[in-house]
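*Asks:* The listed protein sequences correspond, in order, to chains R and W.
For the first sequence, our numbering gives the first residue as 1, with consecutive numbering after it.
For the second sequence, our numbering gives the first residue as 1001, with consecutive numbering after it.
Among the hints, a few may not be true.
Derived contacts from chain W toward chain R, CB cut-off under 7 Å, selection only [said to hold, decoys possible]:
| hint | residue |
| --- | --- |
| 1 | Ile1012 |
| 2 | Lys1094 |
| 3 | Met1097 |
| 4 | Ala1165 |
| 5 | Ala1188 |
| 6 | Asp1196 |
| 7 | Met1199 |
| 8 | Leu1201 |
| 9 | Ser1202 |
| 10 | Ile1205 |
| 11 | Met1208 |
These aren't lab readings, by the way, just hints derived from the structure by calculation.
We treat Cβ as the ideally placed atom computed from N, Cα and C, and that holds for glycine.
2 protein chains.
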Amino acid sequence: MAVDKKVSSVVIRRLPRYYRYLGDLLSAGIVRISSKELSRMMNVTASQIRQDFNCFGGFGQQGYGYNVEYLYNEISEILGIHKGRNMIIVGTGKLGMSIAGYGNFKKRGFNIIGLFDHNPDLYGVSVNGIEVMPVTELEKFLDTHSVDIAVLTMPKESVQEVLPAIKGKVKGIWNFSHKEIPTEKGLAVENVHLSDSLMTLSCKIGRMEK
Amino acid sequence: MAVDKKVSSVVIRRLPRYYRYLGDLLSAGIVRISSKELSRMMNVTASQIRQDFNCFGGFGQQGYGYNVEYLYNEISEILGIHKGRNMIIVGTGKLGMSIAGYGNFKKRGFNIIGLFDHNPDLYGVSVNGIEVMPVTELEKFLDTHSVDIAVLTMPKESVQEVLPAIKGKVKGIWNFSHKEIPTEKGLAVENVHLSDSLMTLSCKIGRMEK
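This is chain R alone, in the form it adopts within the complex (with noise of 0.2 Å):
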């Protein structure tokens, strides 16, 4: 299923959603679903739902309702789920770590190959398998490796430092550090911001209280 280059990125946005809810689905062993159950499911309107799978050509029959498992695999498919991406993390820190430990990115495809860091005492340290190296490394590690995600779960000031190295070489920045990077025409990059979301939680919390 090739993906229209019009699809705006907000759809695209809402697909990892759907790809999990599905997913719960499948497991319990549902075989279809129709919009409007998915919609009570996931509280969004059943027009969206049609809306966002038509940006795809569709999925579904009418009246019929959709097949949870063939799309589960078109919305995995065009996710690029167990595509083989092959993952660095800069930063071994606890959300570093935390990430590097996580099992089911490989499950679903993302291999983490290379973990590196500037503290000296964390040079050797093993996650699954993978020993973190020193930030020294990185560009001689990029250049004799093929690399498509480097997550940077580093301190802001580090950045400006490790963007050089990195830049030309992966095809997307995972990017927990506290400084936005811009996109770029052959560098996908999504910018997380943890306490953006504590900050809208608050926000909620203090509307609430009113």
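Position chain W against the provided structure of chain R, taking the given hints into account.
*Replies:* Using the frame of chain R, we list chain W on its own:
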């Protein structure tokens, strides 16, 4: 500045990003900024910026730009920063510990006052003077302390077990477990799915490769 109840959650969700950019401008000594300049920096349209700020009653003067410090302070107030929110973290694996050790939360008035885990090996381990306690102590703790936010950084399977102890005793849940928790009356929820953004990134890379 009172937040209009009708302001959409989409706008609310954009506020933390404005807050970050304005904080950087403030640190750099910038006094005024036009929506056009802010638009270029943030890569959103100037008209969206004006519309977003209008939701909260403006803040700007036509042809004169926005006062950075004023805007920063107003958004900070809307977000409930420096309100002194007490938080507990349930699940002190690497992700929970990474949140517990993050200094910026305290600076913004989010105080971690309790850490809980199921793993006896972690009992008594201390982060910033707070010791990890058994999850069995959670209910008693919530009865004797004023807690605004429960951070859930635990496996999906354990969530159902702790939810009854938490509900009705906190105002918000910052949920990192892989089980989505629905918002209820009197309970604000932010569900964070880290791997969603990795899948979005993977999808973007897939589209680049075509």
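*Asks:* Work down the list of hints and note, for each, if the structure agrees.
*Replies:* Checked hints:
1. Ile1012: Ile1012 (chain W) check passes; min Cβ-Cβ to chain R is 5 Å, inside 7 Å.
2. Lys1094: Holds, because the Cβ-Cβ distance from Lys1094 (chain W) to chain R comes to roughly 3 Å (cut-off 7 Å).
3. Met1097: holds, 5 Å
4. Ala1165: With Cβ-Cβ at 19 Å, over 7 Å, it is violated.
5. Ala1188: holds, 4 Å
6. Asp1196: Holds - the Cβ of Asp1196 (chain W) comes within 7 Å of chain R, reaching about 4 Å at its closest.
7. Met1199: holds, 4 Å
8. Leu1201: Cβ of Leu1201 (chain W) sits 4 Å from chain R, so the hint holds.
9. Ser1202: Cβ of Ser1202 (chain W) sits 4 Å from chain R, so the hint holds.
10. Ile1205: holds, 5 Å
11. Met1208: For Met1208 (chain W), the interface hint holds, since the closest Cβ of chain R sits about 6 Å away, which is under 7 Å.
Hint compliance for this structure: hint 4 is the single one not met.
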